[in-house]
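Top line first, the protein sequences correspond to chains A and B.
Residues in the first sequence are numbered consecutively from 90, following my numbering.
Residues in the second sequence are numbered consecutively from 90, following my numbering.
Hints may contain errors.
List time: in silico DSSO-like cross-link candidates among lysine-lysine, alpha-carbon distance up to 30 Å [unchecked claim]: (1) LYS199(B) <-> LYS216(B); (2) LYS325(A) <-> LYS199(A); (3) LYS199(B) <-> LYS216(A); (4) LYS433(A) <-> LYS374(A); (5) LYS433(B) <-> LYS284(B); (6) LYS199(A) <-> LYS216(B).
Treat the hints as calculated values from the structure; they're not laboratory data.
Protein chains: 2
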Amino acid sequence: MSLVVQKYGGSSVSDAQGIKRVAQRVVETQRQGHQVVVVVSAMGDTTDELLDLAAQVTQTPPARELDMLMTAGERISMALLAMAIHSHGAVAQSFTGSQAGMITDGIHGKARIIDVDPYRVRTAIDKGNIAIVAGFQGMSRTTNEITTMGRGGSDTTAVALAAALDAAVCEIYTDVDGIYTADPRVVPSAQKIDKISSEEMLEMAASGAKILHLRSVEYARRFGIPIHVRSSFSDKEGTWVLPSPGDKIKISKGVALEQPIISGVAHDRSEGKVTVVGVPDIPGKAAEIFGIIAGAHSNIDMIVQNISTSGTGRTDISFTLPIVEGAEALAALRDAQERVGFEKLLYDDKIGKLSLIGAGMRSNPGVSFTFFKALSDAGVNIDLISTSEIRISVVTRADLLDTAVRAVHKAFELDGADTATVYGGTGR
Amino acid sequence: MSLVVQKYGGSSVSDAQGIKRVAQRVVETQRQGHQVVVVVSAMGDTTDELLDLAAQVTQTPPARELDMLMTAGERISMALLAMAIHSHGAVAQSFTGSQAGMITDGIHGKARIIDVDPYRVRTAIDKGNIAIVAGFQGMSRTTNEITTMGRGGSDTTAVALAAALDAAVCEIYTDVDGIYTADPRVVPSAQKIDKISSEEMLEMAASGAKILHLRSVEYARRFGIPIHVRSSFSDKEGTWVLPSPGDKIKISKGVALEQPIISGVAHDRSEGKVTVVGVPDIPGKAAEIFGIIAGAHSNIDMIVQNISTSGTGRTDISFTLPIVEGAEALAALRDAQERVGFEKLLYDDKIGKLSLIGAGMRSNPGVSFTFFKALSDAGVNIDLISTSEIRISVVTRADLLDTAVRAVHKAFELDGADTATVYGGTGR
Numbered sequence: 090m091s092l093v094v095q096k097y098g099g100s101s102v103s104d105a106q107g108i109k110r111v112a113q114r115v116v117e118t119q120r121q122g123h124q125v126v127v128v129v130s131a132m133g134d135t136t137d138e139l140l141d142l143a144a145q146v147t148q149t150p151p152a153r154e155l156d157m158l159m160t161a162g163e164r165i166s167m168a169l170l171a172m173a174i175h176s177h178g179a180v181a182q183s184f185t186g187s188q189a190g191m192i193t194d195g196i197h198g199k200a201r202i203i204d205v206d207p208y209r210v211r212t213a214i215d216k217g218n219i220a221i222v223a224g225f226q227g228m229s230r231t232t233n234e235i236t237t238m239g240r241g242g243s244d245t246t247a248v249a250l251a252a253a254l255d256a257a258v259c260e261i262y263t264d265v266d267g268i269y270t271a272d273p274r275v276v277p278s279a280q281k282i283d284k285i286s287s288e289e290m291l292e293m294a295a296s297g298a299k300i301l302h303l304r305s306v307e308y309a310r311r312f313g314i315p316i317h318v319r320s321s322f323s324d325k326e327g328t329w330v331l332p333s334p335g336d337k338i339k340i341s342k343g344v345a346l347e348q349p350i351i352s353g354v355a356h357d358r359s360e361g362k363v364t365v366v367g368v369p370d371i372p373g374k375a376a377e378i379f380g381i382i383a384g385a386h387s388n389i390d391m392i393v394q395n396i397s398t399s400g401t402g403r404t405d406i407s408f409t410l411p412i413v414e415g416a417e418a419l420a421a422l423r424d425a426q427e428r429v430g431f432e433k434l435l436y437d438d439k440i441g442k443l444s445l446i447g448a449g450m451r452s453n454p455g456v457s458f459t460f461f462k463a464l465s466d467a468g469v470n471i472d473l474i475s476t477s478e479i480r481i482s483v484v485t486r487a488d489l490l491d492t493a494v495r496a497v498h499k500a501f502e503l504d505g506a507d508t509a510t511v512y513g514g515t516g517r
Numbered sequence: 090m091s092l093v094v095q096k097y098g099g100s101s102v103s104d105a106q107g108i109k110r111v112a113q114r115v116v117e118t119q120r121q122g123h124q125v126v127v128v129v130s131a132m133g134d135t136t137d138e139l140l141d142l143a144a145q146v147t148q149t150p151p152a153r154e155l156d157m158l159m160t161a162g163e164r165i166s167m168a169l170l171a172m173a174i175h176s177h178g179a180v181a182q183s184f185t186g187s188q189a190g191m192i193t194d195g196i197h198g199k200a201r202i203i204d205v206d207p208y209r210v211r212t213a214i215d216k217g218n219i220a221i222v223a224g225f226q227g228m229s230r231t232t233n234e235i236t237t238m239g240r241g242g243s244d245t246t247a248v249a250l251a252a253a254l255d256a257a258v259c260e261i262y263t264d265v266d267g268i269y270t271a272d273p274r275v276v277p278s279a280q281k282i283d284k285i286s287s288e289e290m291l292e293m294a295a296s297g298a299k300i301l302h303l304r305s306v307e308y309a310r311r312f313g314i315p316i317h318v319r320s321s322f323s324d325k326e327g328t329w330v331l332p333s334p335g336d337k338i339k340i341s342k343g344v345a346l347e348q349p350i351i352s353g354v355a356h357d358r359s360e361g362k363v364t365v366v367g368v369p370d371i372p373g374k375a376a377e378i379f380g381i382i383a384g385a386h387s388n389i390d391m392i393v394q395n396i397s398t399s400g401t402g403r404t405d406i407s408f409t410l411p412i413v414e415g416a417e418a419l420a421a422l423r424d425a426q427e428r429v430g431f432e433k434l435l436y437d438d439k440i441g442k443l444s445l446i447g448a449g450m451r452s453n454p455g456v457s458f459t460f461f462k463a464l465s466d467a468g469v470n471i472d473l474i475s476t477s478e479i480r481i482s483v484v485t486r487a488d489l490l491d492t493a494v495r496a497v498h499k500a501f502e503l504d505g506a507d508t509a510t511v512y513g514g515t516g517r
């Protein structure tokens, strides 16, 4: 008997019918001899409806109260799911984040998990019951306040519970049947990936692939939890995200050993680009700038600083960050302009980021050549470049992003014969 | 500076507009120099919507999960109200029942308060903040589970908090401007009562007046909390429910001292009547029967047993109870038929109960004469009679109840010149 953590997103539980379907699947899993812990998001549109209500009341809701409001969402879906499971003759108990021991820091709206103590969940499953846990939410140990983890937080809840309970697998159910080599809405010929390493998945998620939340992949990698991303609408195998290097194999077009193994192309339009112009080229200035951004609780993505060539003793630092955090970060920088001594700020939120992810890139110069040639042939100008061991990312104009993604996907021969199903989901 | 507890029902916060209006009133109360604790029910139709969702999933939801589901309702309304208050420049913090220290027993769906420890609420108001507390919900200390207190529970939350915080007054806001001498939907000439004693209000509530929940009045009486029932749509004074006997004065038609002071006529159609026929007339049988009903967690209202005159050594016991609890109570009795030794059960849910409430009835035989003559003149036959120091109740056929209420209201000269506003409300 093994322990399985299953996470169902908002699109899987969008109405009573969906909840009953999920209940059926959960009960079947238990009848196959598993202990089952279910993590559930808010029903379909609940999140948007609650945000809409808040917007009708005020444009500047306090973060604490917004968390209090949003956590009503999972409360509803988890209680209904427990009821639906009962009607199949199984016993289920639902638990809020705080009841499930999801201890977070006190940053409302984007809390991070600092401890997981799921003793009530353990007690429930040891009694033979099914435990249902509200995704996305926790409680701060220092403030005793209800917190939420931000978009995608339910994935993180699921993986964190899987780690704390030593689960055999964390199954992430969604409305697509796995991770694709590119977003099928942009590249209809994209192919489903059968296996991918946590490292590459991490780069995919960080580069804008929306199916798995970045933090959940980081968590899974750190604690060695295998994730199985699959559709709640079918029984097909989905994509396995595997933590151990021995499994770091991707089914792709007959690649030989030592050849680069391209996992896929990810893209992201949710970021804006900030350029801090004329930063004094002396030690400590970058730290000062990013200290200010961290103080505004912004999540910086790419950072690019080129060498100072103008002879003025000044340099420019560019970085990207979520558009929704742009205003606050810019305000914080402006307040510190005199102290830091930079000349001006530029901001552009009409950008797109494209990333190619795959093992063995660094040692294969041909990869970057093929990559940049594909972009050039497609007439896509490049604004920023950043690379890692297993990723190349570029920032382009937003309106050229789709063209760029299709060009790169094709250049690396990732196109499949079939047309893929199209993405959806609510993103909690 | 005094501490005021204000409770707003679902009809006062039925939409964003209502929430903003309530926020305005709360902030004004604080600006008048008061500490303010607000108890809020779920928004307008939320309760029914959640129940409807549950019904779509299963016909037999487990009580624990139903409580988990229902408590999402106040979570939404209280967070939105806190946001709306912030937009007025005041600071509000919302608290769930468990955060506010509402400790209950573990009976899901109709939990009773066993302790109130509102230290977080106290801390908030001592900082100058407005505290908002979810009505209707609590936490069991023994099971650590979320509980709800049943319909009208928010009134009880408000009064219990007022008692624990030693508040000057507990204001219950609703969509009518006070307690009336009869239900204005049945008696359009009913008059608003300006002051009523807790004792009489208790009888009114127990007899079917819906504005204040019975348990909240019991609580207020026990802890000496003045309740002010008023409309959230106007600034008019409503009805004061006063615990001290010195205040037990009602503004009525020029009554002299030592004359009975009739408070009003209440009615109730929510009950059914059970008759246990042929109970052995030996000590202990009534206790046995009501022990069985208590075991089914039913709330019995009137109990009538007449003397055994048939010479058979058997008697009949009748009682009324909420229709919704009828089936369970009957089943429990049937299971025990052999042990108790009664002959059969009769059940009738087409009944209505009418009660006349007022001080000094017992010592004024004229009251019962006027009462029964009014019913007789109106052609209303009486099924059961039960009396207390300050109340006479009768059970009649349901279809004659309105006629009966109007006849009694008129006979005691309670009719006013104006037509009253009509009742509404959601009943949490």
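Cross-check of the supplied hints:
| no. | hint | in the structure |
| --- | --- | --- |
| 1 | LYS199(B) <-> LYS216(B) | violated, 34 Å |
| 2 | LYS325(A) <-> LYS199(A) | violated, 33 Å |
| 3 | LYS199(B) <-> LYS216(A) | holds, 26 Å |
| 4 | LYS433(A) <-> LYS374(A) | holds, 14 Å |
| 5 | LYS433(B) <-> LYS284(B) | violated, 46 Å |
| 6 | LYS199(A) <-> LYS216(B) | holds, 26 Å |
In the structure shown, a violation is registered for the earlier hints numbered 1, 2, 5, in ascending order.
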